[in-house]
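Put together the whole structure using the sequences plus the hints.
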Amino acid sequence: MAGFASPNAFSPETSALQLLPIRFERLGADRFLVGNIVGDMAEMTAVELDRLCSLDLTPGDGLYERAFEKLFVGSIDQRAQQQLLALRLRSRLSFLRAATPLHLFVVTLRCEHSCPYCQVSRQSQDRVRYDMDQATASKALDIALSAPAPLIKIEFQGGEPLLNFELIRWIVGAAKQRAVPLGKQLQFVIATNLALLNDDVLDFCGEHDVLFSTSLDGPRDLHNKNRPRRGQNSYELAVAGIASIKERLGPDRVGALMTTTEASLDRVEDIVDEYVAQRLDGIFLRPLSPYGFAIKTKQFHKYGAQEWLQFWKRGLRYILEINKSGHHFPEFYSALMLRRMLSDEPIGYVDLRSPAGIGLGALVYNYDGTVFASDEARMLAEMGDRSFELGNVREHSYRDLVLSDTLVSAVADSLTQTAPQCSSCVFEPNCGADPVYHHATQNDVLGIKPLSEFCARQMGVITHLFELLEHSPEDAAVLRGWAS
Amino acid sequence: MSDLSASYTVVDFNASMQSLGALQEAAYRLIGQAACQIDEANGRYVCRLSPSQPQLHGDDLRSHFLNLVTDENLREKVNRETDRLRDVIVALAFGALAAEE
Numbered sequence: 001m002a003g004f005a006s007p008n009a010f011s012p013e014t015s016a017l018q019l020l021p022i023r024f025e026r027l028g029a030d031r032f033l034v035g036n037i038v039g040d041m042a043e044m045t046a047v048e049l050d051r052l053c054s055l056d057l058t059p060g061d062g063l064y065e066r067a068f069e070k071l072f073v074g075s076i077d078q079r080a081q082q083q084l085l086a087l088r089l090r091s092r093l094s095f096l097r098a099a100t101p102l103h104l105f106v107v108t109l110r111c112e113h114s115c116p117y118c119q120v121s122r123q124s125q126d127r128v129r130y131d132m133d134q135a136t137a138s139k140a141l142d143i144a145l146s147a148p149a150p151l152i153k154i155e156f157q158g159g160e161p162l163l164n165f166e167l168i169r170w171i172v173g174a175a176k177q178r179a180v181p182l183g184k185q186l187q188f189v190i191a192t193n194l195a196l197l198n199d200d201v202l203d204f205c206g207e208h209d210v211l212f213s214t215s216l217d218g219p220r221d222l223h224n225k226n227r228p229r230r231g232q233n234s235y236e237l238a239v240a241g242i243a244s245i246k247e248r249l250g251p252d253r254v255g256a257l258m259t260t261t262e263a264s265l266d267r268v269e270d271i272v273d274e275y276v277a278q279r280l281d282g283i284f285l286r287p288l289s290p291y292g293f294a295i296k297t298k299q300f301h302k303y304g305a306q307e308w309l310q311f312w313k314r315g316l317r318y319i320l321e322i323n324k325s326g327h328h329f330p331e332f333y334s335a336l337m338l339r340r341m342l343s344d345e346p347i348g349y350v351d352l353r354s355p356a357g358i359g360l361g362a363l364v365y366n367y368d369g370t371v372f373a374s375d376e377a378r379m380l381a382e383m384g385d386r387s388f389e390l391g392n393v394r395e396h397s398y399r400d401l402v403l404s405d406t407l408v409s410a411v412a413d414s415l416t417q418t419a420p421q422c423s424s425c426v427f428e429p430n431c432g433a434d435p436v437y438h439h440a441t442q443n444d445v446l447g448i449k450p451l452s453e454f455c456a457r458q459m460g461v462i463t464h465l466f467e468l469l470e471h472s473p474e475d476a477a478v479l480r481g482w483a484s
Numbered sequence: 485m486s487d488l489s490a491s492y493t494v495v496d497f498n499a500s501m502q503s504l505g506a507l508q509e510a511a512y513r514l515i516g517q518a519a520c521q522i523d524e525a526n527g528r529y530v531c532r533l534s535p536s537q538p539q540l541h542g543d544d545l546r547s548h549f550l551n552l553v554t555d556e557n558l559r560e561k562v563n564r565e566t567d568r569l570r571d572v573i574v575a576l577a578f579g580a581l582a583a584e585e
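As they're listed, the protein sequences go chains Z and V.
Residues in the first sequence are numbered consecutively from 1, following this note's numbering.
Residues in the second sequence are numbered consecutively from 485, following this note's numbering.
Because the hints were derived from the structure by calculation, they are not lab data.
Idealized CB from N, CA, C, for every residue including glycine.
Treat the hints with care, as some may be off.
Distance windows between CB atoms, simulated [said to hold, decoys possible]:
| id | chain 1 | residue 1 | chain 2 | residue 2 | range |
| --- | --- | --- | --- | --- | --- |
| 1 | V | Gly542 | Z | His301 | 28 to 34 Å |
| 2 | Z | Arg129 | V | Phe578 | 45 to 51 Å |
| 3 | Z | Gln278 | V | Pro538 | 44 to 50 Å |
| 4 | V | Thr554 | Z | Thr418 | 21 to 27 Å |
Short derived list, chain Z residues pointing at chain V, Cβ under 10 Å [said to hold, decoys possible]:
| id | residue |
| --- | --- |
| 5 | Arg23 |
| 6 | Arg88 |
| 7 | Gln421 |
| 8 | Ile448 |
| 9 | Pro450 |
Here is the structure:
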């Protein structure tokens with residue numbers, strides 16, 4: 001009589017398993033976060049982690065399936081898992097193949113605001129010597145267009161860049177002409193407080209497809225407190241500008257960034273409500289950076305990583321509820337992290353990369369022609385620290401700049417893949433090197449990670465997002481929508 | 485002298501059973517919470533832990549450090565078993581696959 005083989009006959013031999021490279025972090029006495037080399041993670045107890053590491057896994061026990069799914073184990077006689085990890089690793093690092101897509105032109109350091117947290121150390125409005133001239137802009141443009149990236153994004157920064165709008169007008173025209181024979185695509189963004197927005201600017205930006213990025217710190221009282229200017233009307237001008245751009249150029253032509261000050265910490269709901277009221281498409285709950293007047297006026301030291309994390313978690317909870325009511329409104333930092341955690345797509349955000357995004361992700365052309373490895377690097381230079389100055393547009397080519405000893409050393413010395421603690425950290429595949437931040441805060445481009453607020457924030461954000469994805473299905477559905 | 489000895493916590497390990505590398509990694513992760521000085525004496529690694537934060541000292545600090553060492557020992561074991569595979573994966577990602585493009 002014909003029969004069926006016993007279930008055991010269909011089971012693979014557990015001895016045929018091998019452990020793939022894994023990392024883990026202890027979250028509690030009996031809670032571990034375990035991850036593979038491309039950032040997939042699972043929560044385990046101590047017993048489960050021990051069983052995983054000793055390959056004490058049996059088909060059907062649940063842990064065996066989780067370990068296979070997360071690529072923590074593979075079959076000894078199959079290379080599929082290794083090839084899949086290799087493909088995914090290559091994809092995650094593919095930002096290296098399209099180097100330096102972002103080019104920041106500091107067209108002036110003048111500004112009519114006097115924000116105490118200003119991270120670029122603006123100069124007063126009447127100092128014409130802080131404007132970039134056309135010859136400098138022309139040289140900078142040649143460098144930008146010789147970068148390998150097929151899509152070159154030119155961002156106009158300040159000070160307040162609209163104070164030198166004639167130069168912006170010239171750069172956009174020249175860039176469009178020079179890009180054609182090179183086969184480059186272009187994007188333009190003006191980072192402006194919108195106080196000087198007028199019809200001429202709107203007409204030009206509409207005609208040439210120029211986007212706007214502005215600052216909005218929250219409701220009127222908070223914004224005007226953070227961003228003082230003569231007339232105390234920064235908020236009124238910003239929201240009027242946002243409305244004008246949306247009406248004249250379209251709803252997706254302007255984005256806004258907020259900066260978290262001590263006064264923001266207990267007002268995250270008000271801040272989010274302001275963004276919703278202004279019909280902005282999301283919010284970036286952004287901490288202060290340790291540069292410029294934020295240091296001189298001691299704004300940076302008024303709260304720590306844990307206080308910012310509490311602010312961010314409370315804001316995220318509020319934002320998730322808004323999304324559950326049917327309004328798609330992402331928190332952009334979470335969205336960036338989720339794309340790192342849930343996909344292998346390389347992302348453009350320079351702080352979430354290793355090798356670091358300085359120079360390889362962005363170059364900054366200062367008003368006087370000096371070239372810096374990042375916006376934060378030029379902020380440091382305005383404080384007298386020129387550690388990340390790469391050269392000058394009049395003397396150096398793109399190749400000179402990205403192969404300069406300064407940049408190569410900073411990138412090589414800050415690799416998280418080989419750094420103490422980072423090299424075994426479960427969060428590392430989803431994190432990044434931030435050599436300028438660590439130089440600014442610890443005088444060490446690599447950073448002593450147990451003392452790093454960047455590290456504390458990253459670990460806090462990733463852990464919280466992971467827990468929501470794992471344990472809160474309704475929140476997870478919203479978060480997955482942000483990642484795509 | 486007794487005051488000085490009371491200011492730190494001592495944890496020691498049999499040097500023939502405990503890797504120095506794991507102790508050093510655990511000491512690094514302890515930065516900011518406690519400073520760890522590692523000496524070798526009479527076949528034992530002696531770790532002197534000086535708290536940097538008032539809330540973590542004595543038995544709590546000892547227990548925290550032992551957890552860190554336990555984790556580092558497991559990381560060493562995992563690395564020993566998977567380092568070769570990591571090299572294969574990186575070589576596939578940036579060697580063989582790159583050459584095929």
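Cross-check of the supplied hints:
Evaluation of the 28 to 34 Å hint for Gly542 of chain V and His301 of chain Z yields a pass: the beta carbon distance comes to about 31 Å. In this structure the supplied range 45 to 51 Å holds for Arg129 of chain Z paired with Phe578 of chain V, their Cβ-Cβ distance being about 47 Å. Between Gln278 of chain Z and Pro538 of chain V the C-beta distance comes to about 46 Å, which sits within the given range of 44 to 50 Å. Here the CB-CB span from Thr554 of chain V to Thr418 of chain Z is close to 24 Å, well matched to the stated 21 to 27 Å.
Proximity of Arg23 of chain Z to chain V holds as hinted, the smallest CB-CB distance being about 8 Å (cut-off 10 Å). For Arg88 of chain Z, the interface hint holds, since its Cβ comes within 10 Å of a Cβ in chain V; the closest pair sits about 8 Å apart. Annotation: Gln421 of chain Z was flagged as interfacial toward chain V, and the flag holds, the nearest CB pair being 6 Å apart, inside 10 Å. Because the closest C-beta pair between Ile448 of chain Z and chain V is about 6 Å apart, less than 10 Å, the hint holds.
Against a cut-off of 10 Å between C-beta atoms, the interface hint on Pro450 of chain Z holds, since the closest Cβ of chain V lies about 4 Å away.
Hint compliance for this structure: no hint is broken.
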